[in-house]
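Hey, can you work out the whole structure from these sequences and the hints?
From first to last, the protein sequence lines are chains A and B. So that you can map any letter, position 336 of the first sequence is 336 in the numbering used here, and since no number is skipped, the others follow by simple counting. So that you can map any letter, position 463 of the second sequence is 953 in the numbering used here, and since no number is skipped, the others follow by simple counting.
Derived lysine-lysine pairs resembling BS3-like cross-links, with alpha carbons at most 30 Å apart:
#1 B:Lys942 with A:Lys98
#2 B:Lys577 with A:Lys98
#3 B:Lys820 with B:Lys547
#4 A:Lys98 with B:Lys567
#5 A:Lys320 with A:Lys344
#6 A:Lys57 with B:Lys512
These aren't lab readings, by the way, just hints derived from the structure by calculation.
There are 2 protein chains.
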Amino acid sequence: MAKAIPSRSENYSEWYNELIKKADLAENSAVRGCMVIKPYGFSIWEKMQRALDDMFKETGHSNAYFPLFIPKSFLSKEASHVEGFAKECAVVTHYRLKNAEDGSGVIVDPEAKLEEELIVRPTSETVIWSTYRNWIQSYRDLPLLINQWANVVRWEMRTRIFLRTAEFLWQEGHTAHATADEAMDETRQMLDVYARFAEEWMAMPVIRGAKTPNERFAGAEDTLCIEAMMQDGKALQAGTSHFLGQNFAKAFEVQFLTKENKLDYVWGTSWGVSTRLMGALIMAHSDDDGLVLPPKLAPIQVVIVPIFKNEEQLAQLSAKVKPVMQELRKLGITVKFDDSDANKPGWKFAEYELRGVPVRLAMGMRDLENGTVEVARRDLKTKETVALDGIVGHIQNLLDDIQQTIYQKALQFRESNMFRVDSYDAFKEQIEKGGFILAHWDGTSETEEAIKEETKATIRCIPLDAPEEEGQCIYTGKPSSRRVVFARAY
Amino acid sequence: MAKAIPSRSENYSEWYNELIKKADLAENSAVRGCMVIKPYGFSIWEKMQRALDDMFKETGHSNAYFPLFIPKSFLSKEASHVEGFAKECAVVTHYRLKNAEDGSGVIVDPEAKLEEELIVRPTSETVIWSTYRNWIQSYRDLPLLINQWANVVRWEMRTRIFLRTAEFLWQEGHTAHATADEAMDETRQMLDVYARFAEEWMAMPVIRGAKTPNERFAGAEDTLCIEAMMQDGKALQAGTSHFLGQNFAKAFEVQFLTKENKLDYVWGTSWGVSTRLMGALIMAHSDDDGLVLPPKLAPIQVVIVPIFKNEEQLAQLSAKVKPVMQELRKLGITVKFDDSDANKPGWKFAEYELRGVPVRLAMGMRDLENGTVEVARRDLKTKETVALDGIVGHIQNLLDDIQQTIYQKALQFRESNMFRVDSYDAFKEQIEKGGFILAHWDGTSETEEAIKEETKATIRCIPLDAPEEEGQCIYTGKPSSRRVVFARAY
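Okay, here's the thing in structure tokens:
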């Protein structure tokens with residue numbers, strides 16, 4: 001088949017790249033590090049957006065929109081923030097082109113130089129907190145619960161579609177609160193929203209945890225995250241929720257009058273997920289035949305392929321199938337009827353496998369006689385012949401079952417690739433084989449850095465539900481009170 | 491009242507600015523010419539997006555996403571295109587900041603200069619057609635029907651919230667076809683989609699027409715547009731749909747193999763509407779008390795204000811109102827119950843008027859006894875006392891009626907401000923008074939420019955449904971075969 005992709009065991013990295021290409025999800029653009037998200041890939045992202053957006057609104061957030069550009073001076077107001085982003089930002093310095101005098105084409109017009117350079121937002125804390133300054137005067141203006149869907153730019157040197165691109169799409173929540181407790185509750189609430197989305201929609205189990213100080217967002221006092229395991233045993237950070245303390249409020253002088261009539265700085269949070277989730281979705285479930293999509297995020301949930309030799313047969317099959325499609329659509333199930341005669345059924349089967357359509361129905365003349373249909377599920381690659389009578393309920397149940405099965409499979413994979421390790425030798429051996437390692441750590445950045453340097457493994461998180469357990473750091477032997485998660489990561 | 495805004499007759503321009511501010515729609519940001527769209531304003535934009543997006547999908551289009559940045563050389567490939575956009579574009583020249591050696595803060599790192607400057611997209615024809623080159627080989631790949639929701643930047647010198655901003659949000663459709671006819675049909679179809687959206691959702695009547703060559707999109711062979719009349723009699727271009735001919739296909743060498751096995755250039759269209767529609771919506775309907783929103787785009791369609799003196803009364807009123815709210819919500823109607831005791835009913839009434847909530851219910855103890863409720867409609871500012879029994883059906887009808895009434899009012903306003911004028915003197919007199927002028931024009935750019943120079947009026951469009959009519963150009967007396975629409979415009 002023309003569309004074949006390398007197997008995961010053969011070359012995991014090439015499998016990922018080729019799958020994205022062959023399944024028509026996205027491609028690299030002519031602009032270094034920027035991707036084009038193709039219609040099929042974008043329709044998955046749209047489903048993610050819709051589900052997340054609904055969850056944000058249910059938890060009381062509203063959408064708004066803030067400028068793409070950030071004055072250079074804004075970025076500098078929070079010291080660790082500029083430290084974190086200055087090294088990789090796109091800078092606008094001019095606002096006009098003009099024709100070159102030698103006729104060689106258009107050039108930047110040196111007379112159209114900006115007084116202050118503008119940074120294309122890598123994240124919007126600075127521009128948003130400078131705005132909040134005017135929006136917040138009193139405790140009555142709090143909490144302020146806002147989200148933005150936007151594009152952001154970080155000039156990464158090594159890029160990879162969906163996982164690390166110079167421009168990516170994301171949402172960024174930015175909230176302001178009267179107390180530290182409220183802000184911390186919000187930080188935690190949004191982490192839970194992300195975890196629920198990952199597990200219920202993406203069918204991808206995640207570990208909720210806190211980042212070490214080393215791995216925190218630039219400007220945050222605490223960063224919570226969800227971490228997922230990919231099929232090669234590597235970790236992927238799928239979402240982060242930051243407790244900003246009063247850092248940005250102080251940097252932008254956002255003060256409010258408390259109930260007790262005193263001036264205080266506002267407490268902040270920010271939280272985001274991005275098109276990186278597309279990469280996570282692909283790597284969590286897909287196989288050597290192509291995408292495996294959880295039904296809740298599949299652009300096409302059911303494809304129906306009629307098997308016919310002539311127009312008359314097609315007409316008979318269509319007549320039988322149409323009412324089924326109508327019923328499915330009434331239930332909100334997305335169905336495609338592929339009656340094109342440009343390609344043979346076998347080609348279509350492979351194509352829809354590649355694209356991860358969860359359920360495929362095939363119906364030929366024999367089925368017509370028997371009142372049956374062949375039902376194939378993408379995840380397990382099983383087929384069965386089912387009576388047309390009652391097929392709608394059958395499909396409904398099947399879609400639910402596929403959603404659950406994909407999740408359970410990923411969960412089992414993760415469970416069987418989580419290792420408790422108690423010596424550095426065992427750690428070094430295991431990290432080469434992949435998976436997550438639960439190990440004791442002495443809590444210092446030095447140890448974390450040393451382990452990273454020597455093994456390329458990072459502390460993915462300190463799990464929120466990690467039990468207290470006395471132990472000794474695998475690297476220094478110093479005391480530790482709980483295990484943290486180490487892994488190599490995307 | 492603190493929230494009062496200037497009247498339209500007093501100062502139309504200030505009325506617009508203050509209304510946007512007081513109704514919490516948007517504000518200017520710290521970045522020159524860029525706006526912040528506030529949650530209430532953004533929720534109207536979201537409703538617009540949803541409705542338009544559904545219409546695009548119904549007509550067979552898919553969403554995708556293309557890069558924010560355009561290499562300078564791309565912009566130059568289509569000669570009139572670069573001519574149109576080079577003078578007002580944001581240029582990225584560097585990709586890193588660094589600490590100044592004198593400790594004065596961060597500066598642009600001169601060593602991080604891009605080899606080729608990147609333009610922040612003012613529109614995406616160039617980057618999209620450079621991509622289409624790889625997507626289109628044969629007639630089987632056509633038509634290609636893609637839309638993108640995105641931010642774009644045009645460095646306008648004089649900006650005005652929603653109407654003309656440096657950064658704005660929009661959608662841009664970019665389609666590719668095998669024949670000129672198909673592309674022209676698409677151009678026309680999307681104009682009709684825009685007109686339908688303007689009339690059915692925004693309740694804003696529009697004139698469909700073609701732009702004169704002078705006013706065409708840079709790179710198009712034909713530009714169709716919808717033009718709406720604002721309450722000051724000025725025109726506002728609310729959407730454009732361009733027939734691009736083979737211009738971009740030639741510039742980016744996008745060729746395809748026809749059914750007859752010959753190589754030919756692809757035919758293109760592009761079409762867009764933007765956050766400018768927010769400005770149009772405001773200026774088409776709102777009055778001196780605030781926004782008037784068509785129910786279909788109102789973030790809150792019904793507000794219920796209980797009138798109470800104590801908690802017990804509020805509890806009684808709530809108990810009565812809750813089932814009504816539930817029923818309304820089941821019907822998809824957005825309801826807000828404002829039981830806060832921070833503000834008095836009168837204050838609330840004014841606030842919801844300002845925000846354009848179409849229907850307001852007020853209920854006090856007297857109503858409770860009588861089984862009634864006071865129903866006020868925002869558009870006509872009428873009030874009536876209505877039996878609670880059957881109130882849900884009443885509100886449903888009322889929302890429909892308001893949608894229709896707002897449209898009819900705008901239509902009547904436009905009809906009574908359209909003038910057929912046959913001499914240049916009458917033209918000059920009328921243009922000072924405002925409104926649209928239907929007049930004969932000799933078809934030359936020179937005449938168009940001269941009239942614009944002398945009167946600030948432009949040819950808004952050549953209406954698609956303009957009847958043939960022999961006449962003489964009001965400026966030159968030369969023969970003309972149909973009237974065109976002149977107006978001053980936003």
